[in-house]
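Could you put the whole structure together from the sequences, leaning on the hints where they help?
Residue numbers (our numbering): 1 to 340.
It is worth saying that the hints were derived from the structure and are not from the lab. Take every hint as true, because none was put in to throw you off.
With a straight-line cut-off of 20 Å between C-alpha atoms, the simulated EDC-like cross-links for lysine to aspartate or glutamate are:
#: 1; residue 1: K39; residue 2: E78
#: 2; residue 1: K74; residue 2: E50
#: 3; residue 1: K74; residue 2: E160
#: 4; residue 1: K74; residue 2: D63
#: 5; residue 1: K74; residue 2: E161
#: 6; residue 1: K39; residue 2: E14
#: 7; residue 1: K74; residue 2: D159
#: 8; residue 1: K39; residue 2: E50
#: 9; residue 1: K74; residue 2: E163
All of these numbers come straight from a predicted model, not from anything done at the bench.
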Amino acid sequence: MPSMAGNTHIGQRELNEDCYFADVELGLAVVADGMGGHKHGEVASAIVVETLRREANNGNALDAAIRESHLEVKRGVEAGRGGQGMGSAVVAAKFDGHDYEICWIGDCRAYLWDGELVQVTRDHSYVEQLLSLGAMTWEEAQGSSVRNMITQAVGVSPDEELEVGIVHGTLGAGQELLLCSDGLNDVLTGQAIGDILDGGGSLEERCGQLVEAVVQAGGRDNVTALLVAPDANAGASSRPPAVSVARRDGSVEYFSTEGISVFGALEDARPANAEEADRTSVRMAPKISARPKKAAASPVRPAPGRTARGAPGFVSSLLQGVAIGCLIVGLLAAANWYFG
1 MPSMAGNTHI GQRELNEDCY FADVELGLAV VADGMGGHKH GEVASAIVVE
51 TLRREANNGN ALDAAIRESH LEVKRGVEAG RGGQGMGSAV VAAKFDGHDY
101 EICWIGDCRA YLWDGELVQV TRDHSYVEQL LSLGAMTWEE AQGSSVRNMI
151 TQAVGVSPDE ELEVGIVHGT LGAGQELLLC SDGLNDVLTG QAIGDILDGG
201 GSLEERCGQL VEAVVQAGGR DNVTALLVAP DANAGASSRP PAVSVARRDG
251 SVEYFSTEGI SVFGALEDAR PANAEEADRT SVRMAPKISA RPKKAAASPV
301 RPAPGRTARG APGFVSSLLQ GVAIGCLIVG LLAAANWYFG
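In structure tokens:
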């Protein structure tokens with residue numbers, strides 16, 4: 001049975017809206033990142049964790065549990081628990097022995113570490129959509145003012161539009177699974193995360209080191225890290241489609257694999273506007289329905305310092321303009337946005 005440990009810090013916020021849960025007997029690990037500020041994001045994340053724990057105890061599937069937590073947050077608002085507009089991002093892993101299922105909504109992430117750090121979840125975010133459409137370059141994404149704007153949130157998205165992300169794998173000997181809120185990856189580069197995971201020490205110690213590194217770097221947001229490691233009986237691993245973020249030797253090679261697109265503004269460098277990311281404002285971008293023409297670009301994300309291959313500057317600017325136009329139209333039509 002895998003072992004688990006977690007750590008969280010309020011950062012520079014008034015409240016810690018993050019909530020995590022780790023239970024070896026249940027085989028359940030959860031990180032929830034509440035949103036809403038004075039609309040009680042901390043209540044939303046607590047409801048999510050409570051619901052996933054209850055549903056796991058009842059033997060229900062993880063994706064169904066997340067959908068149930070979505071309804072529970074809405075019921076909480078109706079019952080006067082929390083406030084209208086509160087919501088949460090979440091990532092959770094359910095283990096059966098060393099086999100796992102990871103489910104998520106929003107921009108909480110899951111990484112695997114075995115000397116190479118790979119991201120196995122893809123953010124439900126506006127920037128993610130622009131990247132997948134070829135309407136934004138990786139360099140533009142890193143400094144984008146909307147990089148924390150998400151397209152799905154538990155408790156706020158319309159029920160029929162909630163799409164739970166799901167991947168499966170097997171945690172093998174020498175591997176570790178990291179679940180985190182965006183307060184971690186918004187501040188620490190992939191290489192910095194890998195260096196801490198590679199530094200030795202217990203799961204508890206390294207979770208603490210990850211969180212402390214964010215605090216020392218001046219991270220404003222709440223930050224949570226949860227690590228899962230296999231026991232001595234672990235066998236061969238099975239890794240879901242993923243994107244490489246960092247390697248033990250310091251080299252980085254980004255790649256896409258069948259079944260998942262290259263995603264996220266992965267961590268070459270800390271984004272210029274990381275200090276300005278504010279989860280106290282719960283806003284969500286609409287999903288893009290009018291898909292701009294995709295630029296002819298390599299599916300491989302360039303290593304740091306390299307320029308992404310794609311359309312010439314004029315075409316790239318035109319595509320981004322079209323995408324931004326779609327956003328403006330969507331804003332007029334959307335009742336709620338979530339700013340993650």
